[in-house]
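J.: With chain A fixed as given, assemble chain B onto it according to the hints.
Residue numbers (our numbering), protein chains in the order written: chain A, 7 to 486; chain B, 14 to 438.
Think of the hints as simulated: they come from the structure by calculation, not from any bench.
Be careful, since some hints might not be right.
Unchecked claim - Within a straight-line C-alpha distance of at most 20 Å, the following computed SDA-like cross-link-like pairs (lysine to any residue) qualify:
1. Lys-360/A / Ser-385/B
2. Lys-204/B / Gln-260/B
3. Lys-359/B / Gln-416/A
4. Lys-377/B / Ser-427/A
5. Lys-386/A / Tyr-328/B
6. Lys-203/A / Asn-181/A
7. Lys-370/B / Lys-203/A
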Amino acid sequence: MTSSNLLGELVSKPYKYGFVTDIETEKISKGLTEDVIRLISSKKQEPEFLLNFRLKAYKQWLKMQEPDWAELGYPKVNYQDIIYYAAPKQNQKKASLDEVDPKLLETFDKLGIPLSEQKRLSNVAVDAVFDSVSIATTYKEQLAEHGVIFCSISEAVNEYPELVERYLGTVVPCNDNFFAALNSAVFSDGSFVYIPKGIECPMELSSYFRINSGDIGQFERTLIIAEDRASVSYLEGCTAPMFDTNTLHAAVVELIALEDSSIKYSTVQNWYSGNEEGVGGIYNFVTKRGQCRGARSKISWSQVETGSAITWKYPSCILQGEGSVGEFYSVALTNNLQKADTGTKMVHIGADTKSTIVSKGISAGKSRNSYRGLVQMGPKASGARNYSQCDSMLIGDQASANTYPYIRSQQSMASIEHEASTCRISEDQLFYLQSRGIGFEEAVSMMVSGFCRDVFNQLPMEFAAEADKLLALKLEGSVG
Amino acid sequence: MVRRRICIAFKAVSMSFHDSKWFNSLPTPKGDLEKIQRRGREYLDLIGMPKKSDEAWRFTDLSRLSSLFNLPFLLNNPTNKIRKNIPLPSSKFEGFQLVISPGFDPLESVDLPDGFTQLSTAELDGILGRTIDKCSCNDEWLVAVNNSCTYRVLGLRINGDNLPPLELVLDSREDAFVATRIVLIVESKTKFDLFQVLLGKNNSAHSHLLEMHIGSDACVNHGWLARGTKESGYFATLAIEQDIRSQYAFSSVQEGWSFGRLEQKIVQESGYASTALRGLQVSKGKEQIVNNSTIRFDGPEGVLDQLQKAIAVDYSHSIFNGSIEVPRIAQRTSASQLSRNLLLSKHARIDTKPQLKIVADDVKCTHGATVSQLQEEQVFYMLSRGISHEDAMRLLLKGYCEEIVRTLPVSGSRWGVLSNLLEGV
Chain A
7 MTSSNLLGEL
17 VSKPYKYGFV
27 TDIETEKISK
37 GLTEDVIRLI
47 SSKKQEPEFL
57 LNFRLKAYKQ
67 WLKMQEPDWA
77 ELGYPKVNYQ
87 DIIYYAAPKQ
97 NQKKASLDEV
107 DPKLLETFDK
117 LGIPLSEQKR
127 LSNVAVDAVF
137 DSVSIATTYK
147 EQLAEHGVIF
157 CSISEAVNEY
167 PELVERYLGT
177 VVPCNDNFFA
187 ALNSAVFSDG
197 SFVYIPKGIE
207 CPMELSSYFR
217 INSGDIGQFE
227 RTLIIAEDRA
237 SVSYLEGCTA
247 PMFDTNTLHA
257 AVVELIALED
267 SSIKYSTVQN
277 WYSGNEEGVG
287 GIYNFVTKRG
297 QCRGARSKIS
307 WSQVETGSAI
317 TWKYPSCILQ
327 GEGSVGEFYS
337 VALTNNLQKA
347 DTGTKMVHIG
357 ADTKSTIVSK
367 GISAGKSRNS
377 YRGLVQMGPK
387 ASGARNYSQC
397 DSMLIGDQAS
407 ANTYPYIRSQ
417 QSMASIEHEA
427 STCRISEDQL
437 FYLQSRGIGF
447 EEAVSMMVSG
457 FCRDVFNQLP
467 MEFAAEADKL
477 LALKLEGSVG
Chain B
14 MVRRRICIAF
24 KAVSMSFHDS
34 KWFNSLPTPK
44 GDLEKIQRRG
54 REYLDLIGMP
64 KKSDEAWRFT
74 DLSRLSSLFN
84 LPFLLNNPTN
94 KIRKNIPLPS
104 SKFEGFQLVI
114 SPGFDPLESV
124 DLPDGFTQLS
134 TAELDGILGR
144 TIDKCSCNDE
154 WLVAVNNSCT
164 YRVLGLRING
174 DNLPPLELVL
184 DSREDAFVAT
194 RIVLIVESKT
204 KFDLFQVLLG
214 KNNSAHSHLL
224 EMHIGSDACV
234 NHGWLARGTK
244 ESGYFATLAI
254 EQDIRSQYAF
264 SSVQEGWSFG
274 RLEQKIVQES
284 GYASTALRGL
294 QVSKGKEQIV
304 NNSTIRFDGP
314 EGVLDQLQKA
324 IAVDYSHSIF
334 NGSIEVPRIA
344 QRTSASQLSR
354 NLLLSKHARI
364 DTKPQLKIVA
374 DDVKCTHGAT
384 VSQLQEEQVF
394 YMLSRGISHE
404 DAMRLLLKGY
414 CEEIVRTLPV
424 SGSRWGVLSN
434 LLEGV
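Next up, chain A with everything else stripped away, as it sits in the complex (with noise of 0.2 Å):
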């Protein structure tokens, strides 16, 4: 066999998250209207401010167009017939972890995320969202000791909504775009973060996502605020079943970063892709943003994106304050029929801001993976840095890479440098790896983690050989 025969078989592992769990969902009916707004808010019994905010955002969207720049050609979607609400059929909030049904327990435990005291990951504070809402959050009390908030939105929003309504909106207003409107107008659960001033929050954070129901779309919200002199790393991992229908997921993030304080934000993405012939899949329409308020503040963002049919998303980072700083490390693998359009904005505004960023895409099969990024250096960024590589790798000749970056400057005293190439696994070094008696898998493997070494690098402990794997399973039966 062909070393691209054997390349291509590589890629393709059976999804192994795929499975439905069966527990009873309370879901309200399809459709999206002024009325469905206001039932999902009264459902979380929210404040009027939010209300307002959800109907203003929804006004905004009745207005916009879906974006079609990216390209991506995914059939219209039928926003009449998407669930906008479903959660597990509990009575109320549970106390303790114990009143959790134990199913939903299960089905976590079977993600890699044990939330049952006994098994929990050491040092690393879960918030587990199923379907629309937040099932459990481990860890909360230690974390409280510190001063640190973490939460759902929900919960947020009824015992502190001083924070939420300060903040929410401020980073991704509600009529940003399309899909960052409708969010606002439907979002159902997410997470919350606050850490006061000072601090550096003792343990990892981390938000896991999982769609059960095959007909609902999934609006998460994200909000984290990290005070002057604050710092925290937080993760997020995402699943679904595989359906034969798409699913929508379009979630907002909002970082606010204040003087001196510094924010890691990362991402494992392995929504269900779809099927061979491209049927099926979540569509991963997502706007994260974080802003740099305070001087000398930091926000980074890595991303491991190997799931979703289609993805758009543009984790950004706006350097408002002197001297911050803006990371942005992304690692993207599509196979099949995947469509990934991702990428960066860095947008410098203040002076001596400085930014990085290092995009590795693998594009095998027939898929189609773009990095799509801005710089923007305004007229009050003087001695402004930019530093941006995106490399790509093809595997296979049907696979295509393409890169867009728009690069903007409106001061002369910002530097900006910008590289990409595009490569192949090259059979010289395939060669020399099986001369050496390494395995075909293996060597593939090896190749592809150090192509993505400058990124995983940057993944915490945790996520980093997670990553790994999940790199060299997807690849399986791709590559050759």
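T.: Relative to chain A, chain B alone:
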């Protein structure tokens, strides 16, 4: 050596682009050109003016573009031929020069040197628009504008390997809109230098379209100097089709345009060809200068080496979009593209977008972009050797521009490109 000058006089049709009569007032050509003209007008009727939401026009100052079409269209008046005051360089030129303008047959009473023959109307009918089609730019707005206006085409067949350089001067007129179109067929194994000079005048607009087919094993060295003056605007599309094993080197310099836009569309048809692109755009005052290039490899083992430079000062805006397309058939392509930009003033702006679209897996493609000031270390090095700050800056800028200017074909040197460029920077 032969030296010829052909000059034409004009009369203006006083109607604007926004007026549908503007097009209808132009003479109707015969043959394929008539169809092309009709198709162009139908397309423009359908599309109208470009919008900000169109990706190709996002950064463009559309009001400036629009104002160019308020100018009356210029028609030639063949009965009134006079020598015009065109600022042609006086230095000796070992080549063949044509000064051309719309509608007029610039080859009338001219002896073409050996190796150059005029394409007959019948030949043109088979060829016209073919390269545009090959380059997939029939639906480009600027091409449609030229299609709509052109009613005369200069067509030349070029054959041989000991040919004099060809200098084509495209003249504009004050307070008028001008459209020119050229078709060049470069036969197999031909080697020749082509230097095009587009000159702007006060309050003038010029639409230019070049279709060039480069035959197998042919070698073309193509220079482009677009020199504008106050309130002059131009837009040109250069569509180039390269046959197997051909070599095409292109160097361009653009300066002084209130609105300047150069679109290069290149397709390597059967592979094994090489393309070298060098470009320099210098914008001052409130100028906006755009350079867009698209190169597609439709065969294997193609080579591209591209370097695009820009200098923006004062309140000017410089834009570059470079696209490299490598479809599945184009295995073993080697392409590199570099966009280097100097932003020298507080209020100037630079937008650059180098793009790669790749499907073939056995390729080497790279691109890079930088936007910065002159390197402090380099300035310091000169200062420490007793060179004044101003001289150091001038020297560095000269070196920066020279890397492109020196790649212009031989006849480029007599146009005083470098000294003109650095004036006022």
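J.: Take the hints in turn and mark each one as holding or not.
T.: Taking the hints in turn, this is what the structure says about them:
1. Lys-360/A / Ser-385/B: Roughly 14 Å between the alpha carbons, so the hint for Lys-360/A and Ser-385/B holds.
2. Lys-204/B / Gln-260/B: 9 Å, holds
3. Lys-359/B / Gln-416/A: 7 Å, holds
4. Lys-377/B / Ser-427/A: Holds. Lys-377/B to Ser-427/A sits at ~7 Å (cutoff 20 Å).
5. Lys-386/A / Tyr-328/B: Within the cut-off at roughly 15 Å; holds.
6. Lys-203/A / Asn-181/A: Violated, at roughly 31 Å.
7. Lys-370/B / Lys-203/A: 46 Å, violated
Comparing the model with each earlier hint shows violations of hints 6 and 7; every other hint is respected.
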